[in-house]
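Chains as they are written, first to last, in the UniProt record's numbering: chain S, 1 to 352; chain Y, 1 to 293; chain Z, 1 to 614.
Watch out, some of these pointers could steer you wrong.
To be verified - Looking from chain Y toward chain Z, a few residues come up when the C-beta cut is under 7 Å (computed):
1) Thr109
2) Phe152
3) Thr186
4) Ala190
5) Gly195
6) Val203
As the list claims (entries may be wrong) - Negatives, chain Y to chain S, calculated, CB over 10 Å:
7) Val45
8) Leu120
9) Leu143
Since the hints were made in silico from the structure, they are not lab data. C-beta: ideal position from N, C-alpha, C; glycine also.
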Amino acid sequence: MRQLSRIGLRLLLAAFTLLGAATAAFFALRLVPVDPAFVILGAARGDQVDISPEVLAAVRAEYGLNEPLLVQYGMFMGRLLQGDLGMSYVQQVPVTSLIASQVQPTLALAGLGTLLALVLSLSAAILTAGRRLPSGLASVLELTAASTPVFWLGFLLMLIFAVQLRALPMIDDGSLASLILPAVTIALPTAAPLAQVLRQSLEDVLEQPFITTARARGLSIMTVKLRHALRHAAIPYLTMIGFAFGALLGGAAITETLFSRPGLGRLLIMSVSNQDLPVVIGVVLLSTLAFVLVNTLVDIVYTLVDHRLNEKTAATPGEGAAASPDTRTGTGADAEADMRTGTGTDAERSGA
Amino acid sequence: MSAATTLIGETRGPARRRTGVIGAGAITERIILVACLGLLGLFAVFALWPSLLTWQDPFAADRSLILAPPSLTHPLGTDEIGRDVYTRIVYGTRSTLALGVGAVLISLTLGTVAGLLAGLAPRWVSMIVMRGNDIGAAFPELLLAILIIALFGGGPVNAAIAIGIAGIPYYVRVIRAETLKIRRATFIEAAHGLGLSRTTVLVRHLAPNALRPVVVIATLGLGGATLAGAGLSFLGLGTAPPAPEWGSMLSNARSFLGLGWWAAVFPGLALTLFVASTTIVGRRIQKSLEGRR
Amino acid sequence: MSLLSLRDLRVSFGRGGRETAAVAGIGFDLEPGRCVALVGESGSGKSVTARSLLGLHGPGARVEAGRLDVAGQDARRYSDRQWRPVRGTEIGYILQDALVSLDPLRTIGQELGEAVTATTGLRGPAVRERALELLARARMPEPERRLDEYPAQLSGGLRQRALIASALAGDPGVLIADEPTTALDVSVQKEILELFGELKDTGLGLLLISHDLAVVARLADEILVLRGGEVVESGPAADVLGSPQHAYTRTLLDAVPRFDPAAGGRPVARPRAATGDRTGGDTEAPAHVNGAPGTARGNVGEALPGDDAAGIDRQAGSAGVLAAQVASGPGHGEAPRPDGATERPLLSVEGIEKRFGARPVLRGVGLQLYPGRTLGLVGESGSGKTTLSRIIAGYERPDAGSIRWHGADGSGRADGPGGARSTGGARGTSKVGGSAAPDWQRRGVQFVYQDPLSSFDPRFTIGRTLGEALSLVHGRRPRRERKAEITSWLERVGLDGGLAGRRALTLSGGQRQRVAIARALALQPRLLILDEPVSALDVSVQRQILELLDELQAETGVAYLFVSHDLGVVQRMSDDIAVLRDGELREYGPAGQVLARPADAYTRTLIDAVPRLP
């Protein structure tokens with residue numbers, strides 16, 4: 001029951017956030033010191049072109065630009081809810097069909113990139129956590145990867161695998177092979193912070209007494225890592241996945257430009273230089289939708305991993321858990337029991 | 001007495017938990033830290049006084065030396081119109097870092113104010129700030145920056161503002177979380193218990209402790225913001241081409257990758273070194289702050 | 001054949017020049033049905049020894065031994081792979097606190113099942129059967145239900161039973177228990193120790209590790225007293241406890257507050273005379289409490305030229321003045337003092353009710369505090385004793401009831417919202433600023449926490465922490481004077497004045513608690529609330545802190561509300577005792593009467609459960 005109401009709450013919050021994002025986008029669009037009618041008629045910012053007032057008026061009427069702002073907002077949101085992102089100023093086709101034509105390559109790139117990032121980070125962290133030398137080496141590598149600009153990493157990969165070794169195609173030719181370099185390019189910087197977070201939390205968990213208990217049962221270190229530690233380390237890892245996915249979406253735009261691949265990223269950059277704002281907003285809102293969905297999913301998965309989160313968050317949504325009477329008790333009676341443990345082994349270990 | 005003692009086992013590794021930033025030994029750790037500080041110092045000199053360390057002109061094109069490999073006169077080679085890559089990296093430092101520093105200053109100022117407000121103000125104010133912040137955080141950072149540029153135009157100043165604004169939600173979250181944590185800390189209760197006034201506790205104990213992570217997140221954030229700035233310039237949305245900037249240098253070199261790798265590799269290397277150095281220094285500060293808790 | 005035979009165990013950490021020995025030459029034999037106890041304070045190497053016996057020494061450890069035979073096999077050169085069949089099957093291991101020693105994300109059934117499968121290879125429904133059998137062996141009530149519960153849903157005692165059950169999964173011959181009862185209430189502690197006794201009788205070899213000689217006394221056949229990784233004394237339990245040969249063993253034995261209900265309350269009435277092993281010459285302090293000793297004697301007059309009443313009050317603030325104030329209001333208090341004397345109470349608490357959500361925490365509690373006397377507030381976890389002390393301190397507001405200070409009503413209700421000083425923290429507590437708390441509560445009552453470190457601003461040095469409190473009493477003053485007074489306060493609580501520049505983090509637990517006491521007393525309170533002030537400290541340090549508290553009370557006439565779960569410590573400190581259980585006051589009276597002739601059954605249970613030295 002709690003589980004369900006919590007999921008419902010998260011979804012509601014996600015919907016609210018998305019509406020907010022769309023609203024923000026709409027008003028930002030209207031704040032812009034550029035008259036959309038000019039753009040629609042092919043005049044970019046700063047150009048002084050003579051356009052007859054009649055033509056301008058006709059365009060304004062056609063795009064509903066004469067209506068009061070609130071009416072325009074209502075129209076915008078109404079169409080948005082039906083999945084209509086409006087017309088492209090430049091190409092005179094619906095934004096949705098432009099996006100639809102470009103979404104597939106981006107999905108392939110983001111999908112493969114995410115998959116690679118997950119596999120890389122999981123294996124790197126689990127295999128090296130708690131082992132001094134491998135752990136140190138891996139963290140140096142991760143630090144480097146996390147500090148490397150996506151576009152530079154792409155260059156290096158191109159240089160090695162396409163220019164020097166000629167093993168993989170340098171730019172997109174539609175083949176699966178041409179997807180490998182771009183996918184690795186966005187996967188590496190995404191995997192690096194993920195692996196860092198996971199290894200750090202695994203190592204923290206491995207110091208906990210219940211890990212010693214499990215090992216005192218005769219379990220191997222790997223079994224203990226997989227069966228006990230991983231679950232505890234999963235929460236920060238999941239959180240990081242949420243963050244990293246946002247970075248990956250941004251990275252996709254750069255990677256597509258770098259590898260001259262078609263896709264939403266290229267469409268976005270092109271539309272920015274063309275001042276084609278409906279397309280820009282369409283692509284950004286779509287990415288936002290994906291980002292919010294991933295984060296909501298992550299949030300729901302939390303409680304599957306850690307049943308304790310259910311009890312804590314269900315009572316008071318979002319924040320203010322501090323105020324709930326349950327937690328207040330914690331400062332009183334329960335804390336007595338919790339605090340009295342500071343006597344033995346811990347102090348001893350750090351003293352040694 | 002007993003038989004000769006036998007070594008049962010010896011586990012490698014420090015007796016205490018790894019304290020270093022990258023998990024190496026204390027001495028290696030120190031060497032790396034000093035190297036990073038040295039690099040950051042070098043970049044600072046590049047940015048503040050570029051002519052001190054190079055004698056060439058970043059715009060001077062030598063048509064006879066197009067895409068010349070590294071040599072004594074051109075230590076990092078020349079680019080596609082014969083300009084010295086090293087000199088352009090040195091002169092590009094200022095504009096590249098300015099993007100990152102500017103963005104961090106914007107996120108930091110606004111994020112800290114909003115974060116403190118969300119942590120200290122009455123509940124409904126906090127609610128409004130946080131829901132607004134959620135909306136900001138719903139956009140992937142780089143895409144939000146691109147959207148802002150699409151609306152208000154490109155160029156270095158707008159790029160810095162865009163990245164700065166896109167970065168705010170993270171700062172708000174960190175500062176607010178820290179403020180809430182400190183508010184609940186026993187030493188705050190103890191300070192009230194001594195009989196200190198509410199304002200004194202806020203000014204003397206609460207705010208300074210809540211703001212302690214600011215240095216860390218700003219240092220760590222500088223790397224990310226600089227990367228984002230260079231990324232925008234690479235996409236042609238930040239600093240525009242003839243001016244030297246690492247991201248746009250890479251963008252130019254893209255078409256000539258097979259002919260002269262140096263024009264692409266070295267600006268990227270400079271950027272990576274800068275970001276890695278700020279990260280290592282930032283984590284070092286983080287560790288030392290944690291250690292004092 | 002011994003189950004376990006150990007000779008000359010040496011464990012060291014670090015390497016090269018910075019190598020430190022954690023264990024240096026420990027050895028013993030463990031026979032079936034016997035119990036060997038390792039006793040020592042923190043840093044004595046007892047836990048490291050236990051872990052080495054399972055090959056679980058932590059990272060960076062270098063372990064050597066002259067002999068390590070487990071079930072007759074030389075285990076010295078075992079690899080981790082070879083150790084695994086030993087762990088759980090030959091030796092069961094129970095760590096200190098079951099709350100953190102059982103995986104909080106897994107049910108008891110899953111944890112037990114894992115132990116069963118790992119040690120016996122059983123799979124399928126047989127695992128559950130075996131798990132129930134184990135729970136029954138650990139005397140777990142309602143074993144069926146427990147299988148589906150998470151550790152956090154169990155009480156401390158039940159958790160410990162679950163942990164014991166999981167350690168027994170592989171039918172090990174040896175059971176190592178590391179501080180198995182430290183986190184438990186006395187009554188539960190007694191039950192767990194009885195369980196260990198039963199297991200020992202079935203032929204298990206028990207290695208018991210504790211900091212508490214009294215806990216060990218019931219079970220141990222042989223005792224090794226450890227200090228700094230070395231065995232200072234070993235032998236049959238009766239000899240070690242009965243006629244200790246080594247000075248350190250005697251210190252440990254003396255340091256345990258010897259609980260003897262027949263002896264009544266506080267053994268030393270008012271230890272005005274220095275008790276011996278205190279550092280610093282602070283016992284003669286009353287004459288110059290707030291001035292720096294020696295140098296400041298002449299300065300006090302100069303720095304405080306005003307001869308006004310406040311100035312005088314500032315200069316004294318010690319026994320004399322407080323005693324005079326007390327004497328000035330002798331009238332008849334509403335409630336008689338528990339021992340029948342007719343002194344007027346400093347503070348009286350009546351009918352305090354408090355609930356958190358639906359759960360009542362305090363149900364109509366009333367008691368009185370008298371100047372210069374100590375009220376010991378005893379209760380097990382969840383009894384509401386911390387909540388009560390926080391209400392008296394003004395950190396929480398009672399739902400009903402009153403707190404009277406010299407007859408003035410200080411209740412949250414009667415005073416309106418001013419009853420609780422804001423913690424400034426969590427929402428839901430009072431939002432009233434500190435200044436709105438009644439004056440008596442702001443200054444007159446001070447609070448010392450169990451964990452002093454958390455009560456200091458981490459940015460502040462010790463000197464600044466004390467200086468802040470002092471400036472509340474004296475206002476702004478010249479730097480030199482302030483420094484002198486900080487030094488004088490540090491010396492009064494037995495610390496070196498040079499510590500002023502240090503941060504609390506770099507001090508030991510005992511030193512931190514001294515600083516906390518100094519800060520509280522610097523405000524010249526009339527009542528000092530001490531919430532488990534020594535329960536996180538080693539016994540020898542505990543004793544020093546208790547002696548310090550005695551002396552300071554004698555000097556200043558401050559009243560103590562001493563909150564503790566430890567009857568031994570409470571007996572050592574209290575003139576009166578109040579016993580709290582589930583928010584109800586079960587017994588309240590002079591210490592001697594409560595301990596020697598308890599009227600309430602629960603009090604008797606508590607007293608019986610206290611582990612005692614023979």
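Do the hints match the structure? See the list:
1. Thr109: 22 Å, violated
2. Phe152: 39 Å, violated
3. Thr186: Holds: closest Cβ of chain Z sits about 4 Å from Thr186/Y, inside 7 Å.
4. Ala190: Hint holds; Ala190/Y Cβ to chain Z Cβ min 4 Å, cut 7 Å.
5. Gly195: 4 Å, holds
6. Val203: Since chain Z brings no Cβ nearer than about 12 Å to Val203/Y, farther than 7 Å, the hint is violated.
7. Val45: Answer for Val45/Y: holds, closest chain S Cβ roughly 21 Å.
8. Leu120: 13 Å, holds
9. Leu143: The assertion about Leu143/Y is violated, with a minimum of 5 Å to chain S.
Violated hints, in rising order: 1, 2, 6, 9; the structure is consistent with all others.
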